[in-house]
Each structure stands twice: as structure tokens, then as C-alpha cells.
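Q: Chains A and B supply the protein sequences, listed in that same order.
According to the numbering used here, the first sequence is numbered sequentially starting from 165.
According to the numbering used here, the second sequence is numbered sequentially starting from 165.
Please note: incorrect hints may appear among the correct ones.
As the list claims (entries may be wrong) - What the simulated footprint calls covered on chain A by chain B, stretch by stretch (three residues with Cβ under 8 Å from a Cβ of chain B suffice, anywhere in the stretch; the number is not a length):
#: 1; segment: 485 to 495
#: 2; segment: 499 to 506
#: 3; segment: 526 to 534
#: 4; segment: 608 to 619
Said to hold, decoys possible - Anything over 10 Å on all C-beta distances counts as not near chain B; from chain A, calculated:
#: 5; residue: 216
#: 6; residue: 241
#: 7; residue: 406
#: 8; residue: 518
To be verified - Ranges between beta-carbon positions, derived for each pair:
#: 9; chain 1: A; residue 1: 582; chain 2: B; residue 2: 187; range: 43 to 51 Å
#: 10; chain 1: A; residue 1: 513; chain 2: B; residue 2: 234; range: 50 to 58 Å
#: 11; chain 1: A; residue 1: 644; chain 2: B; residue 2: 412; range: 36 to 44 Å
#: 12; chain 1: A; residue 1: 260; chain 2: B; residue 2: 539; range: 22 to 30 Å
#: 13; chain 1: A; residue 1: 264; chain 2: B; residue 2: 539; range: 26 to 34 Å
#: 14; chain 1: B; residue 1: 314; chain 2: A; residue 2: 517; range: 43 to 51 Å
#: 15; chain 1: B; residue 1: 525; chain 2: A; residue 2: 644; range: 54 to 62 Å
#: 16; chain 1: B; residue 1: 429; chain 2: A; residue 2: 448; range: 31 to 39 Å
#: 17; chain 1: B; residue 1: 539; chain 2: A; residue 2: 266; range: 29 to 37 Å
#: 18; chain 1: A; residue 1: 478; chain 2: B; residue 2: 314; range: 43 to 51 Å
#: 19; chain 1: B; residue 1: 511; chain 2: A; residue 2: 196; range: 45 to 53 Å
FYI, nobody ran anything at the bench for these hints, they're computed from the structure.
Just so it is clear, CB atoms sit at the ideal spot from N, CA and C, and this is done for glycine as well.
Protein chains: 2
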Amino acid sequence: MSEGYYVSGVKTEGLDLFFNAKSVAIYGASVTPNSVGQAIVQNFIKPMYEGKVYAVNPKYRQVLGVPCYPSMQEIPGEVDMVVVAVPARIAPRVMQDVAEKGTKAVIVVSGGFSETGPKGAELEDEIVEIAKKHGMRIIGPNCVGVIDTHSHVDTFFLPEYRCNRPKPSNVANISLVSQSGAFAAAIADWTSELGLGISKIISLGNKCDVDDDDLLHYLAHDDTTQVICYYTEGYDPGGGRSFFETAKKVTSKKPVIVVKSGRGERARAAASSHTGSLAGSDKVADAAYKQAGIIRADNFEHMFDMAKALSMQPPARGDRVLIVTNGGGLGVMTTDALEAVGLAVPPPPPELEERLRESLPGYCAIHNPIDVVGDANASRYDIALKEALQGDYYDIVVAGVLLQTPSLGMDVTNVVANHQRQSKKPFIVVSMGGSFTTKAGEIMQLMGIPTYATGEKASVAAWALARYGEIKFGREFKRTAGRTNHK
Amino acid sequence: MSEGYYVSGVKTEGLDLFFNAKSVAIYGASVTPNSVGQAIVQNFIKPMYEGKVYAVNPKYRQVLGVPCYPSMQEIPGEVDMVVVAVPARIAPRVMQDVAEKGTKAVIVVSGGFSETGPKGAELEDEIVEIAKKHGMRIIGPNCVGVIDTHSHVDTFFLPEYRCNRPKPSNVANISLVSQSGAFAAAIADWTSELGLGISKIISLGNKCDVDDDDLLHYLAHDDTTQVICYYTEGYDPGGGRSFFETAKKVTSKKPVIVVKSGRGERARAAASSHTGSLAGSDKVADAAYKQAGIIRADNFEHMFDMAKALSMQPPARGDRVLIVTNGGGLGVMTTDALEAVGLAVPPPPPELEERLRESLPGYCAIHNPIDVVGDANASRYDIALKEALQGDYYDIVVAGVLLQTPSLGMDVTNVVANHQRQSKKPFIVVSMGGSFTTKAGEIMQLMGIPTYATGEKASVAAWALARYGEIKFGREFKRTAGRTNHK
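Whenever a hint applies, use it, and build me the whole structure from the sequences.
A: Printed below as a string of C-alpha cells:
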């Protein structure tokens with residue numbers, strides 16, 4: 165991507181270095197096991213990271229085999245990025261050293277800055293001033309930094325045995341920006357097991373320089389990011405406005421999903437004590453999200469369910485959902501859940517009903533859901549989908565697939581994927597079960613079809629596909645149900 | 165348990181044979197791979213099932229090594245239970261044969277009865293008449309029958325490679341009754357991986373004899389069942405009334421949770437076409453559940469989250485929740501979720517706040533949540549819990565535990581379990597993450613502490629502990645928040 169473009173209030177100059185640094189120095193590298201200064205060195209000496217690694221600490225000559233220098237000035241080559249893990253009180257001196265070396269990207273993971281009170285805030289102001297003077301960018305302080313699953317830049321100082329790292333997918337990827345470092349780590353760990361492709365996770369901490377807004381603009385132009393996700397506890401007045409301005413431009417191109425905590429009063433009080441954010445009125449935030457075309461998720465599970473669908477499938481052009489299933493109960497539960505989020509589940513029109521009756525066995529239930537019944541094989545799904553997709557009756561297809569019965573072969577995977585490709589409409593699979601079902605779901609997802617364990621999760625995903633269709637296509641989006649809000 | 169007791173409308177005589185049959189005949193046993201008649205034989209020849217197994221089919225001399233007889237009369241020993249897998253039209257003849265043998269428990273898995281129309285209904289009436297005349301009990305027809313994880317009775321004809329079987333736990337177990345056979349199978353498969361102990365799963369099908377009501381009474385007296393769960397799509401008018409009468413007696417002793425589908429209009433139409441149940445008005449059902457002390461869950465995920473907590477923990481005596489966490493963001497999200505379900509998250513009273521301030525490091529946030537901060541070790545949880553549980557300030561404890569950081573050792577597991585035992589109050593753990601976290605959660609659950617991946621799931625569980633406290637303790641339950649409904 166091209167660097168250095170400026171949009172009103174957005175500063176994206178130099179951000180690329182954080183994700184694609186070809187040489188990294190860890191300032192405060194340490195030989196002490198379990199220390200932050202050692203954990204970060206450990207990440208960069210993994211063979212996947214192909215750049216150069218330097219350690220900085222006057223105490224050592226080397227750390228884990230990495231050459232260690234008393235200051236930046238002794239490092240023989242150029243340094244694209246520095247990770248600072250030193251006590252806050254010496255951070256200004258360290259920043260000055262980094263500035264003199266000419267390095268432009270700095271992640272300050274240390275705490276002890278504005279989050280602790282006026283003294284810490286002064287130290288934070290000092291490092292910001294040095295950065296501004298020398299055209300440097302800072303992520304943090306008080307954060308865990310950045311994971312990039314492509315370049316293998318990884319400053320998360322949590323040991324891998326406790327905190328798995330997510331992986332990119334060949335289909336589509338999500339990037340996530342988190343105000344909370346602990347959540348950034350937990351999400352990295354969690355998403356490593358969810359079948360979600362992750363491109364970048366960024367922990368912002370105190371946001372003394374790089375903020376939500378800068379990253380929104382950067383990620384909007386990042387080819388490896390298909391969906392942008394945020395966890396936030398609040399905005400400061402100025403940054404908030406600029407963020408929503410940027411979002412208005414971005415959301416017509418890429419989906420943006422936000423989890424904002426602090427809905428209730430007690431939670432807002434807790435948020436304010438946690439990061440010092442002014443959580444503000446939650447209704448104001450809701451309205452701002454809606455206006456900016458940002459999708460607000462109630463919680464992380466919903467966020468990941470939505471992001472998976474939005475990263476793999478096209479947005480819907482209307483809210484009419486067709487369900488085809490081999491489980492009657494699953495059909496009923498899924499209908500309930502789709503109606504609860506405000507989507508339409510209209511019955512097939514007479515001409516379609518007639519065609520379905522002619523081509524499916526007599527004991528199938530030709531409504532919506534189309535119940536192809538427990539003894540269905542893949543070709544019965546094929547018939548139902550072929551008929552139902554001839555004509556513009558439906559905007560989203562949910563295939564309910566119970567794989568406990570041996571009559572349904574794994575070729576249903578192909579059938580579903582092929583009808584998706586031909587129809588270009590968004591498809592979702594619901595498949596409830598244990599290890600065989602989970603494996604089948606992974607295969608579906610390799611083919612680009614998002615798969616969910618329950619009708620409720622699938623409905624949240626379907627809602628997101630419809631809501632993003634509404635955002636993207638505006639008036640061309642056809643609304644059938646009374647409301648399209650999933651609350 | 166003692167057999168043969170009768171309560172108004174409830175018939176529990178002979179039910180025990182379905183779960184503890186010491187000898188089983190499979191009527192319609194088959195040598196054809198993937199057939200129902202073969203799959204059931206396969207289940208009973210597994211070494212875990214210690215009873216005698218016979219096959220019945222005039223075509224064969226043996227099926228998978230099991231001796232096969234032309235009719236029941238040739239079987240040399242007694243037969244406690246028969247599983248019937250023959251075409252509906254010959255079912256009456258088969259029932260007569262079973263009756264003459266003197267067998268009292270029959271599971272009819274075959275379809276083709278009342279669910280298909282008047283002709284099938286006639287066949288169903290015929291087999292019911294034979295059963296009544298001979299004092300036999302029938303489960304089904306049109307069902308997958310029974311799994312008992314202790315006796316290893318297992319009539320589910322889904323192959324194990326696709327449909328895992330659940331296991332009992334040493335801590336506490338759940339039994340589940342499902343109207344839908346496909347769901348019964350999917351739930352068996354799904355719960356095999358959820359860390360839930362399962363005692364029995366029963367698929368009722370057309371309920372021509374044994375119904376929800378009979379099983380409710382039976383399971384209420386079953387020592388291996390701590391929580392009773394139902395999936396239903398509706399009740400017939402008479403059976404419904406009797407079920408709710410029985411429930412009023414049971415729910416003060418054991419928690420009963422129901423998922424009833426068909427909330428919306430379209431879903432009710434689908435339910436009616438699926439099982440022929442009159443789904444009726446959903447609001448009427450809601451009121452009946454509430455009056456009978458039955459907990460209604462919106463979906464299976466909620467049901468399992470609730471059942472896990474209710475099976476492992478005592479009910480709460482009030483709705484005041486304390487959160488202790490090492491993740492500020494997790495605390496905020498959990499507070500949000502608890503407030504959303506209508507529970508109270510009151511701040512510590514001044515005397516407790518003072519004690520906490522004295523005993524915890526200055527940078528901990530002494531509110532509710534108590535944020536013991538990212539560098540907390542287990543003993544910091546110990547201090548916080550010890551102080552907070554001296555005095556009757558809280559009714560439920562939620563421990564938020566982010567395990568990505570190496571500073572928190574696995575001894576936190578012991579700390580939490582010990583405070584639960586000492587305080588006798590219900591505890592829940594929230595722990596978000598990947599494989600290390602999942603393993604730690606399994607260990608927590610072996611110690612009897614239910615563990616959840618998100619604050620939302622934990623809140624649904626906490627709500628169930630409070631709601632069941634309200635049901636069990638009546639007026640003694642102390643309500644603080646305005647409402648205790650999780651919708």
C-alpha cells in the first residue's frame with residue numbers, strides 16, 4: 165500500500181513499518197525467564213520471522229543468542245521498528261536514543277504512563293513530543309503491541325504455550341484492534357481455534373499517538389484484511405468524531421464490526437476505572453455506529469460469528485432467508501432464531517412450491533424451511549437448492565445439515581459450495597454435533613462457506629450479511645421483514 | 165428406585181427396564197451394512213454393555229455374531245427389553261409376538277405411524293392396545309430411543325464415527341428428553357465434547373405411551389440425574405396439563421430446563437408440519453413454565469450453559485454477583501452481561517472496600533469487579549475472595565481468569581474451588597482463550613466449578629443459579645436488582 169496519505173485527522177504515515185518491519189530492536193531485552201524483555205526476543209527468533217533482530221540492554225552482550233547492544237547507536241544496521249520494554253521513568257531517554265538512530269516505528273509495551281496518574285501522563289507527553297519532533301510513530305504505551313500473521317511480527321509477550329497465535333486463512337482474513345491488551349491476547353489465543361483467518365491483531369493501550377482512526381484507514385487499504393474488528397471501551401471526544409468520519413468512507417468498502425463494552429451503568433463505571441475512558445452515553449454510541457455504517461456486536465462471540473460470514477460471503481441484497489434442512493427440529497429452531505433477529509423467512513411462492521413438490525419425494529415438507537427429511541442424501545439438497553434458486557425468491561440461504569446420519573454423504577459440501585458460486589448469493593451452513601461434524605465444518609470453511617454449530621449463531625451471521633447489504637447497497641437493499649435489528 | 169408409583173396421570177411402571185435392561189432383543193436385526201437393524205446390534209455388542217443380546221429376524225441365523233431367532237418365542241432366556249426396527253405394517257404382529265414372550269419394555273424406532281396420516285395412526289393404535297392389554301410400555305414409535313451412559317443401553321442407530329456418545333461425569337449429570345430424534349442424536353454427539361456429564365438421553369418420537377410427564381417423574385427419582393432437560397415443540401392438551409402438574413412437585417427438588425421451539429409464527433408453522441404438535445400460543449407456554457418452576461432456555465447453548473452450572477453448583481440465595489478478575493476488559497464485559505440478564509453487581513460496602521484496600525496492592529481496582537490486575541497470581545485471588553466472602557455481601561461469585569499471562573499459576577484452580585467449598589455459595593469461572601485455557605477449564609470442572617469461555621455464557625449460567633434459587637427458596641430468595649428475567 166502507498167504510505168503517507170492524510171485524511172482529515174487521520175495520520176497513516178509510517179504505520180506500515182509496524183507490520184512489515186524488516187529489522188527489529190527489543191529495548192529492554194532480558195535474560196530473565198518469563199520476563200517481558202525475554203518473551204519478545206523469543207517471538208522474533210522464531211524461524212518464521214525473516215527480518216533482523218537486535219537486543220538493547222547495557223547489562224548483556226547477548227540475549228538468547230541475539231547480539232545485545234548498550235544503546236541503539238551501536239547497532240550496526242538500520243532498525244525499522246523498536247519495541248520498548250523499559251520502566252516508564254527511563255522511557256524518554258530511551259526514545260531520544262531511538263530517535264537519534266533514525267528509527268520511525270516504536271511500540272511501547274511498558275505501563276506506568278497516563279493510566280497511573282499525572283506523573284505518568286507527563287512521561288507520556290515527553291515521549292510523544294520526541295516522536296513528533298522526529299517524525300516517529302508510537303503504538304502504546306501500556307499495550308501488548310502487534311501480531312501480523314503474514315510477516316510474523318509478534319510483540320505479544322505472552323508465552324505461546326499459554327497463548328496460541330492465530331493463523332491467516334487462504335479464503336479471507338480479519339484484523340482486530342483492541343483497546344485492552346489482555347483481551348488482545350485472549351482473542352489471539354481464542355481465534356487460533358475458531359477456524360477464523362486472522363491477519364493482524366493490534367493492542368492500542370493508551371493511544372498516545374496511533375489510534376483507532378489511524379488504523380481504520382490503514383486497514384481499509386490493507387489487502388490482507390477483509391473485515392475490520394474493534395474492541396473499545398470508549399472514545400475521547402476528538403478522536404471519536406474523526407473515527408466516525410473515517411468509518412463513513414470505509415464501511416461502504418469493507419465491513420467494520422465493533423464490540424463496545426459499557427452498555428449498563430455499573431459496567432461503564434468499571435470501564436472508566438479500567439482504562440480511564442469516558443464511556444459516555446451508550447445510546448449516543450449506538451446512533452453514531454449506525455450512522456457510520458459500523459455494525460455493533462453485543463459480544464465477541466457475535467463479532468466472530470459475523471466476521472466469519474462477512475469475510476467469506478458477499479453481502480445480501482435483501483432479507484429473505486431460505487432454509488433447507490434434513491432436521492425438522494433444526495429447521496424450527498433456526499426459523500425462530502432468524503425471526504428473532506428480524507429477518508424474513510417467507511414461504512415459497514406457489515410456482516416454486518409446485519416445482520419442489522414435483523422434484524422432491526412426497527414426504528418432504530415443502531415450506532420454508534424445506535425439510536428434505538432425515539434420510540436425505542446430498543442430491544436431495546441439490547434438487548431443493550436448484551429449484552429454489554431459479555428465480556429471485558430469496559436473498560440468503562441457510563443449509564441445515566445434521567451429519568449424524570450416514571445417509572448424508574460429505575458430497576453435500578460440494579453441493580452447497582457450488583450453488584453458492586452459481587447463485588452468488590450468501591450461503592451459511594448450520595451443523596450441530598461433535599468431532600465428525602466439526603471436521604466437516606472445517607472443510608466447508610476451506611471452501612469458503614461459513615459454518616455454525618447452532619441456528620442462533622447462524623442467524624447472527626445472516627443478520628450481519630443482511631445488515632452489511634443494507635449499508636453497502638443502500639436503497640437497493642430490499643427489506644421484507646418489519647425490522648432488521650437483531651436486538 | 166422403587167417402581168410402579170402412580171401420581172395423577174403419571175405412569176412410571178416399568179420405565180426402569182428401558183435404562184437397566186439386562187437382556188435385549190433387536191427385532192428386525194439385519195446383516196445389511198448401514199441399516200438401522202444392524203446399527204442397533206452393533207451398539208449392544210460393544211464390551212461395555214454387560215447384558216445378554218439377541219437378534220430376531222426369520223432371515224438370519226446370526227447377525228454380527230449374535231444368535232438370531234425367527235421370533236421371540238425361540239429365544240432361550242428372558243428378555244427385558246425389545247427394540248423394534250421393522251416396517252410399520254408388520255409392527256402389530258411383532259408386538260403380539262413380544263407380548264407372548266412376556267417382555268414389558270419396547271422401543272419402536274420405526275417410522276410410518278401417526279406422523280404419516282390416518283393409516284399410520286391406526287397401526288399406532290393397534291400396538292398401543294396390545295401394550296395396554298399386556299402391561300407393556302412403549303417408547304416411540306418414530307424415535308431413536310435411549311442412551312444410558314451408565315448401563316450402556318444404546319439404541320441410537322447412528323454410527324459412532326459420525327455421532328459420538330456422551331459420557332457420565334463423576335461430579336454431576338444431566339438427563340435430556342427430546343421430542344426430535346435428529347436433535348437427540350445431534351445433542352448426544354455435541355455434548356460428548358462440551359465437558360458435560362450426561363446420564364440419559366431419551367428420544368420420545370410420537371409418544372404413543374411413554375411421554376414427557378412419565379419421564380419427568382422417573383428422572384426426578386433417578387439418583388444419576390441432577391438436572392432434567394427437555395427439547396419440545398409443543399404439548400397435546402391433556403399431556404401438557406399433567407406435565408405441568410408433575411413439574412410443580414419436581415422443580416422444588418431438581419432443576420428442570422426446557423427449550424421449546426416455535427416462538428415466532430413462521431417457526432410454529434414449521435413445528436406443526438414437523439411433528440404435528442399443536443405449538444399453541446407461546447406466551448401461554450411461557451406462563452405455564454414460570455408457574456411450574458421450569459426454567460425456559462432460549463436455545464441449546466443456553467440450556468447446556470445453565471445445566472452445567474445447576475448440576476455442579478448450589479442454587480443462589482440472592483441475585484448479588486461479585487466479580488473478581490485479572491482482566492479489566494473481561495470484568496467490564498461480564499458486568500454488562502450480568503446486568504443484561506437482570507442480576508445485580510453491587511459495589512463493595514465501605515467496610516469491605518477498606519479491608520480490600522488494606523490487603524491488595526494499591527494499583528488494584530477495588531470496585532465490583534475487583535480487578536486484581538494482569539500481574540495477579542493465585543494468592544491475590546485468594547486474598548480478594550477471602551475478604552469479600554467474610555460477611556453476607558454477595559450471593560454468587562464469578563471469577564474472571566485470563567490464563568495467557570504466566571504470572572497466574574494453575575493453583576488458582578485450587579483457590580477458587582476451596583473458597584466455593586468454604587462459602588457454600590455458587591461459583592462460576594470465565595476464562596477466554598485457546599487450548600491451554602480449555603484444558604484449565606476442564607480441570608476446574610473436574611473440581612466441580614463450571615467454566616465458560618465468555619462473560620455472556622457465564623451470565624446465563626449465573627442467571628439460572630439465581631432463578632433456580634428463587635424457585636427453590638421462594639420468599640427467602642433476596643432480590644436486589646429490578647428484574648431477574650434474562651430477556
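Q: Take the hints in turn and mark each one as holding or not.
A: Hints versus structure:
1. 485 to 495: holds (count 6)
2. 499 to 506: holds (count 5)
3. 526 to 534: holds (count 5)
4. 608 to 619: Check passed, 3 qualifying residues.
5. 216: holds, 27 Å
6. 241: holds, 32 Å
7. 406: The assertion about residue 406(A) holds, with a minimum of 23 Å to chain B.
8. 518: holds, 17 Å
9. 582(A) to 187(B): 43 to 51 Å: holds, 50 Å
10. 513(A) to 234(B): 50 to 58 Å: Since the Cβ atoms of residue 513(A) and residue 234(B) sit about 53 Å apart, the hinted range of 50 to 58 Å holds.
11. 644(A) to 412(B): 36 to 44 Å: At 42 Å between Cβs, range holds.
12. 260(A) to 539(B): 22 to 30 Å: 28 Å Cβ-Cβ, so the 22 to 30 Å window holds.
13. 264(A) to 539(B): 26 to 34 Å: The hinted range 26 to 34 Å holds for residue 264(A) and residue 539(B), with Cβ atoms some 32 Å apart.
14. 314(B) to 517(A): 43 to 51 Å: With a Cβ separation near 48 Å, residue 314(B) and residue 517(A) satisfy 43 to 51 Å, so the hint holds.
15. 525(B) to 644(A): 54 to 62 Å: holds, 57 Å
16. 429(B) to 448(A): 31 to 39 Å: holds, 35 Å
17. 539(B) to 266(A): 29 to 37 Å: holds, 34 Å
18. 478(A) to 314(B): 43 to 51 Å: This hint holds: roughly 50 Å between Cβ atoms.
19. 511(B) to 196(A): 45 to 53 Å: The hinted range 45 to 53 Å is violated for residue 511(B) and residue 196(A), with Cβ atoms some 38 Å apart.
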